[in-house]
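There are 2 protein chains.
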Amino acid sequence: MKKLMNDPRQIVAQMLSGMSHALPFLSFDRQHNVIYRRDMEEKVGLVSGGGAGHEPAHAGYVGRGMLDAAVAGNVFASPGPDAILEGIRKADAGKGVLLIIKNYSGDVMNFQMAAELAQMEGREVESVVVKDDVAVPDSTYSTGRRGIAGTVLVHKIAGAKAESGASLDQVKAVAEKCISGVRTMGMAMTPCILPGMQEVGFTLGKDEMEIGMGIHGEPGVHRQKIVPAADVAQILLDKILADLDYAGSEVAVLVNGLGGTPLMELYVMWDEVYRILGDRDIRIHRGWVGNYMTSLEMAGCSITLLKLDEELKLLLDRPSMTAAFPVA
Amino acid sequence: MKKLMNDPRQIVAQMLSGMSHALPFLSFDRQHNVIYRRDMEEKVGLVSGGGAGHEPAHAGYVGRGMLDAAVAGNVFASPGPDAILEGIRKADAGKGVLLIIKNYSGDVMNFQMAAELAQMEGREVESVVVKDDVAVPDSTYSTGRRGIAGTVLVHKIAGAKAESGASLDQVKAVAEKCISGVRTMGMAMTPCILPGMQEVGFTLGKDEMEIGMGIHGEPGVHRQKIVPAADVAQILLDKILADLDYAGSEVAVLVNGLGGTPLMELYVMWDEVYRILGDRDIRIHRGWVGNYMTSLEMAGCSITLLKLDEELKLLLDRPSMTAAFPVA
Chain A
1 MKKLMNDPRQ
11 IVAQMLSGMS
21 HALPFLSFDR
31 QHNVIYRRDM
41 EEKVGLVSGG
51 GAGHEPAHAG
61 YVGRGMLDAA
71 VAGNVFASPG
81 PDAILEGIRK
91 ADAGKGVLLI
101 IKNYSGDVMN
111 FQMAAELAQM
121 EGREVESVVV
131 KDDVAVPDST
141 YSTGRRGIAG
151 TVLVHKIAGA
161 KAESGASLDQ
171 VKAVAEKCIS
181 GVRTMGMAMT
191 PCILPGMQEV
201 GFTLGKDEME
211 IGMGIHGEPG
221 VHRQKIVPAA
231 DVAQILLDKI
241 LADLDYAGSE
251 VAVLVNGLGG
261 TPLMELYVMW
271 DEVYRILGDR
281 DIRIHRGWVG
291 NYMTSLEMAG
301 CSITLLKLDE
311 ELKLLLDRPS
321 MTAAFPVA
Chain B
329 MKKLMNDPRQ
339 IVAQMLSGMS
349 HALPFLSFDR
359 QHNVIYRRDM
369 EEKVGLVSGG
379 GAGHEPAHAG
389 YVGRGMLDAA
399 VAGNVFASPG
409 PDAILEGIRK
419 ADAGKGVLLI
429 IKNYSGDVMN
439 FQMAAELAQM
449 EGREVESVVV
459 KDDVAVPDST
469 YSTGRRGIAG
479 TVLVHKIAGA
489 KAESGASLDQ
499 VKAVAEKCIS
509 GVRTMGMAMT
519 PCILPGMQEV
529 GFTLGKDEME
539 IGMGIHGEPG
549 VHRQKIVPAA
559 DVAQILLDKI
569 LADLDYAGSE
579 VAVLVNGLGG
589 TPLMELYVMW
599 DEVYRILGDR
609 DIRIHRGWVG
619 NYMTSLEMAG
629 CSITLLKLDE
639 ELKLLLDRPS
649 MTAAFPVA
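So the protein sequences, as listed, match chains A and B. What the first sequence shows, in our numbering, is residues 1 to 328, in sequence order. What the second sequence shows, in our numbering, is residues 329 to 656, in sequence order.
Bound conformation, chain A alone:
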């Protein structure tokens, strides 16, 4: 299929090389496909990562106020424990390291193995697992709910806390609080194609969408005919709001594109989300619209709601200096 690439086996490394050349605050460890901060501070280190193909996740979230290192596997494949261990080493400034893991079996296994290897080196390592996707209870690659776009808000919250000089336990605690209040639900309209493959991973009918599809094309809840954006927003939010009581809360909202959806359509979705939440007396403290956790060129979107308290609001509003999530 049509891709701007050279050797598909080198696409991840070359992408990361490009990022590090474009962003002067990033360094790139080519041997392990780790992107890390050039100006690491003396604070709790934050590491995330996973299979590539979800750009800007996770390297786009490395920088002041968010992650210290991101470890990329091949496209849709978990990085190995040795690469993750290297990410931990890069992020360890002597105050301990927190791993933020999306809930996929491969990632959980490899990140935990890396944590044990790092502990054997005398490093202090803790981890949290993000399971924000309310679509399905278990999935092709996960036991329990999948971790998707809500992970970006966990990066932001934990990053701001670490930046404030908090201890590893405190950073972990606020990440857990964020995880307990974040929910995401998505939908897809077109498949994606892995670099080097000639065929799509699945097909969808010409007028079909899949509700709850995963960011690797894993099966969702059901397929149906495409409906207007107002109804899509209602379907996604109904599922989220049935899962956690947000009434009377303040929330952060992320309307996330899966890679191939024009920004125009994402802003239309935002307009619907804004209307529906207003009707439900849920107040939006802050929101983001764009491509944050993608699936190559898949068309579709997800909606994330994060329930906020005063601490989370303050942390969300702290400045961050990253490629894909700058907060001024």
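Calculated directly from the structure, the hints in this document are not laboratory data. Worth double-checking, as some hints may not be accurate.
[Claimed, not checked] Partial chain A-side listing against chain B, Cβ under 10 Å, derived: (1) L168; (2) N291; (3) A299.
Since this is a predicted model, take the numbers as computed values, not measurements. Ideal Cβ placement from N, Cα and C applies to all residues, glycine included.
Take the given structure of chain A and dock chain B to it, following the hints.
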């Protein structure tokens, strides 16, 4: 075709409504499809705009340090003079207004008509026309070169100058300097589909790309088989470097996605651009990679080079606070 939308006739208005709800520093004039700053300052006002479908252009560039108002027409259709006049009124703080126009016949005609209407109201209005696309000398919708992604850098440079308290003449002069040193060349791999249409505007063979295609799908230079990213970058840069002598210069670089290209591929392109410019002794002062001037869900990219002097470097590095071009 598959779109996240409601009524295609209302998609532009609803997108702009969504933007204004998502971004607290933006106001929306629903009658004229104008997005403008809520906190207009006493300085030269900057207005841009054009047909919708190129998001985040131009509303995503409204904010401190860039534009004061953006006027959107229907998808790929110029806004009318009355709407542009309203944008001028919103941006006019008594210090004069500069219009930044992409070179398409409809835009040039309507913006100039609006400028005359504004002058009849006693307003001071000047305009500049961006013609950065080196692909073709004339095009379907333009006499002379088309204005494309380089326009974003003109917004940034002129915006920073206006923010510094410069006069209308000074802001216009620096915009002209920027225009004289900015060149862009693009390519496309897939067509886009206008909201409400059932068919694509053109077709490209399964393994074909079009070099120099316009952001409305207008014909480019030639079609050929897809080649590796290294060769695509070479083809695009060769055309730019043959047009203006950048040897020994410092430049700003924009690797722009047309909407449907994964960020992964844009960073691969950046890596190639970085390599080629290094070989030519052209130093990158600052760069951006992402979707800045799109064509709905078209897959493809463009490369923009802006020749810098000390003044332009300073202006480029000044902070800006907009949805799509934040500089900290």
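task = Give me the numbers of the hints this structure contradicts, sorted from smallest to largest.
result = 1
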